[in-house]
Amino acid sequence: MDDMMFLTFLATLMGAAWRLATPLIFASIGEVFSERAGVLNIGLEGTMLVGAFCGFATASATGSILIGLLAGILGGMAFGLLFALFTITIKADQIVVGAALNLLGMGLTAFLFRTYYVSTGKGIEIAQPVHIPFLSDLPFLGEAFFRQNLIVYSTILVTILAALVLYRTSFGLTLRAVGEHPKAVDVAGRNVAGYRYAAVLVGTGLAGLGGAFLTLGHSNQFVEGITSGRGFIALAVVVFARWSPTGAFFVSLLFGLFYALQLMLQAEASVVVPYQVLQALPYIMTIVTLIVVRGKGAAPSKLGQPYEMR
Amino acid sequence: MSNKPFLRIDNIRKRFGPIVASDGVSLEIEEGEIHSLLGENGAGKSVLMSMICGMVRPDEGEIVYRGEVVRFNSPREAIRQRIGMVHQHFMLVPNLTVAENYILGQGSALRVINDMDKVHARIRALSDRYALDVRPDAVVEDLSVGEQQRVEILKALFHGIDLLILDEPTAVLTPQETDRLLSLMGDLVKDGKTVVFISHKLDEVMRVSNRISVMRDGRVVHTVDVGETNARELARMMVGRDVRMELPRSPEPAGRIVLSVENLTCRAETGLPAVRGVSLDVRAGEIVGIAGVSGNGQTELSLALSGLLPVDSGRVVLNGKDITGLDPARINASSFSHIPEDRHKHGIVMSLSLSENAILQRYDQAPFAARGMLNGRAIGEHTRDLIKRFRVKSRDENQAIGSLSGGNQQKLVVARELARNPDFILVNQLARGIDIGAMEFVMEEMLKQRDNGRAVLLISTELEELFAICDRILVMFHGEILGELPPDRSRLDELGLLMAGKTEQPALAG
Numbered sequence: 001m002d003d004m005m006f007l008t009f010l011a012t013l014m015g016a017a018w019r020l021a022t023p024l025i026f027a028s029i030g031e032v033f034s035e036r037a038g039v040l041n042i043g044l045e046g047t048m049l050v051g052a053f054c055g056f057a058t059a060s061a062t063g064s065i066l067i068g069l070l071a072g073i074l075g076g077m078a079f080g081l082l083f084a085l086f087t088i089t090i091k092a093d094q095i096v097v098g099a100a101l102n103l104l105g106m107g108l109t110a111f112l113f114r115t116y117y118v119s120t121g122k123g124i125e126i127a128q129p130v131h132i133p134f135l136s137d138l139p140f141l142g143e144a145f146f147r148q149n150l151i152v153y154s155t156i157l158v159t160i161l162a163a164l165v166l167y168r169t170s171f172g173l174t175l176r177a178v179g180e181h182p183k184a185v186d187v188a189g190r191n192v193a194g195y196r197y198a199a200v201l202v203g204t205g206l207a208g209l210g211g212a213f214l215t216l217g218h219s220n221q222f223v224e225g226i227t228s229g230r231g232f233i234a235l236a237v238v239v240f241a242r243w244s245p246t247g248a249f250f251v252s253l254l255f256g257l258f259y260a261l262q263l264m265l266q267a268e269a270s271v272v273v274p275y276q277v278l279q280a281l282p283y284i285m286t287i288v289t290l291i292v293v294r295g296k297g298a299a300p301s302k303l304g305q306p307y308e309m310r
Numbered sequence: 001m002s003n004k005p006f007l008r009i010d011n012i013r014k015r016f017g018p019i020v021a022s023d024g025v026s027l028e029i030e031e032g033e034i035h036s037l038l039g040e041n042g043a044g045k046s047v048l049m050s051m052i053c054g055m056v057r058p059d060e061g062e063i064v065y066r067g068e069v070v071r072f073n074s075p076r077e078a079i080r081q082r083i084g085m086v087h088q089h090f091m092l093v094p095n096l097t098v099a100e101n102y103i104l105g106q107g108s109a110l111r112v113i114n115d116m117d118k119v120h121a122r123i124r125a126l127s128d129r130y131a132l133d134v135r136p137d138a139v140v141e142d143l144s145v146g147e148q149q150r151v152e153i154l155k156a157l158f159h160g161i162d163l164l165i166l167d168e169p170t171a172v173l174t175p176q177e178t179d180r181l182l183s184l185m186g187d188l189v190k191d192g193k194t195v196v197f198i199s200h201k202l203d204e205v206m207r208v209s210n211r212i213s214v215m216r217d218g219r220v221v222h223t224v225d226v227g228e229t230n231a232r233e234l235a236r237m238m239v240g241r242d243v244r245m246e247l248p249r250s251p252e253p254a255g256r257i258v259l260s261v262e263n264l265t266c267r268a269e270t271g272l273p274a275v276r277g278v279s280l281d282v283r284a285g286e287i288v289g290i291a292g293v294s295g296n297g298q299t300e301l302s303l304a305l306s307g308l309l310p311v312d313s314g315r316v317v318l319n320g321k322d323i324t325g326l327d328p329a330r331i332n333a334s335s336f337s338h339i340p341e342d343r344h345k346h347g348i349v350m351s352l353s354l355s356e357n358a359i360l361q362r363y364d365q366a367p368f369a370a371r372g373m374l375n376g377r378a379i380g381e382h383t384r385d386l387i388k389r390f391r392v393k394s395r396d397e398n399q400a401i402g403s404l405s406g407g408n409q410q411k412l413v414v415a416r417e418l419a420r421n422p423d424f425i426l427v428n429q430l431a432r433g434i435d436i437g438a439m440e441f442v443m444e445e446m447l448k449q450r451d452n453g454r455a456v457l458l459i460s461t462e463l464e465e466l467f468a469i470c471d472r473i474l475v476m477f478h479g480e481i482l483g484e485l486p487p488d489r490s491r492l493d494e495l496g497l498l499m500a501g502k503t504e505q506p507a508l509a510g
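Read top to bottom, the protein sequences are chains V and B.
Quick note on UniProt numbering: the first sequence kicks off at 1 and runs consecutively.
Quick note on UniProt numbering: the second sequence kicks off at 1 and runs consecutively.
Derived by calculation from the structure, the hints in this document are not laboratory data.
Take these hints with a grain of salt, some might be off.
[Stated by the list, open to error] On the chain V side, residues computed to face chain B include the following (Cβ under 8 Å):
1) 2
2) 149
3) 153
4) 157
5) 161
6) 163
7) 170
8) 176
9) 181
10) 183
11) 187
12) 189
13) 299
14) 302
15) 304
Each residue gets a CB set at the ideal place from its N, CA and C atoms; glycine is no exception.
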């Protein structure tokens, strides 16, 4: 590879990294909200699948990507409502319910897809890249950052908005308190369960959006298990990011880079490593991350624990 | 008494399942007084006050506040009526700043927080007025327990209160911090506020109150003016019988060294240094106390001695044998008994029966086991014997220990540890969570052990406990032993200074 080719390779890599990070950014920022309120939702994978399917089904029926994305969010939230009902109101174990929802999400979307779509095999029109004037013509940077579709660009907006809500509003303050000392929130006159519901709904709505991006902004088809573990990786991202939305954005980008690298190295004839090893890269990095970034650190102290009101 | 009291509690009843917490309590609080509520653990003081501040709703009876019947559904409603409470377990969110804690739950939920400067200024002004040293931008988890308590009190003032209820506020303070708090209570009253002070410490109550109400078994049994009573009488009202305030000390001099600790250091679970070069000896026939505000390395010292926390350097020698770094089972088997601070974590298994708990360290030894099988009859006999000797209130030995009261759980732990006939007994918080009657009993048991030539190391944050039975008291601060004092109440000031880490001796006058 000469220098020029290498730069092109790098630019393509960066662009792909952001694109591939997008579902992780949505899902992990959502999970930050949920976990900050003390609710560990390991059902992200299933939730993202539901979002991906709802997005695909709605977009193929209406022809509108925007309505598809909305359907993805609503589908995720509907799934989240189920999770919240079991874990917050009924106080069932969050891990068990999360695992159940993962299975339900996988089974349900596979069933519906096979029933209604598999024979047609029809793809949909996906969100097209929007070239930002001038900036997209910049050498290297243009290719890397300014020829994405609107959903990818929106990750920046979502990140900033999430950080503002979490750190600069009364809602965010209370949410952070709910995961640390719910009783203090109760005594201060706020409804702990209500905040947890809200946090779960924000979380699963964003996870649904992340799923919908897969079918509406990335591939033009729903495939069974299309999320391929991204929901679980998002959980790792949250830990690595120390439960911060901006942290989740950048850590997701890092994981996006692993995904992109894996894809591009597969295409590179000069790389002799078997492609299965490359494919495993994001997952291996997840495990490495969790080993390196360990310790409780910033974890909300009531994470995973139901709140009993007296 | 005026005919319209500030706050009147009329015949209140409250049950939690089968437990009657308030059994027809009546009480009157007058405006501008410090009214102490005295009683043993479980007498119903905290529950009663929780009902006044809206945390708990009474089943029956009424609360009349400023001439009107009130029914608070939440602490927020009580605060609106200017009633605030500082709970024993602080209602502060550790990862937020002081100011963020104060505005938690205030205003609309969707509000953007943009008035932080004003909030900070108000906190500073209030803090200056009462000399509370509260910094609005400090993160709560970085503050000491004493500081957190001041933050809690200031929170109530910030929200605007006329009636302040303090639930066992001095339990976590050094004597100096306690003095400061008691004088703060005086300042609040001067400002026209009314204070209810919940405590089980007779001397503090005597010092600060205008009136004292004594609670027992969910009722107020007496209300007296402070000038018309004394500590002994109050103790009798609390327990319902005479209490011996002084326990006899044996004149016997201490014998050989049983436990010797040399330059022990270890780190807390967080990885921070917790015990920094502690050396001490405990001889046969003496009770050595370790005083200190909690969190100064006492927990780690006791865990390290009993093998539950790794030792970084130094030596622990028991009966001439080096037991440093052995696992807890081996240390237990070396004539070492441990009555732990955190009973639920290190002392008992809540879901197991009394008899299973009674043989926790000896389940594989004769006569309790043979050829890998438990001998139910031997275990049952042994447990029944312990229950009888230590008056553990229980249905039978097969009852789950978790269903017993804290005091009875502790009695079983003490019984189990003493029944092993140890040479050395490590006690961390002997009387935690047990009432004054049971406390007297376990203290007497400790003295019996001492008289039988056992060596006892008693770690406690309760100075009364130390004064009552120790032969000498070491003071621990910041992981070090700062000094040693005889158990002489007249030297309380000196002890308090050591507990606050002040070692410099004042120059002798003249």
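| Numbered hints the structure breaks, given as an ascending list | Violated hints (numbers, rising): 1, 2, 3, 4, 5, 6, 13, 14, 15; every other hint is consistent with the structure.
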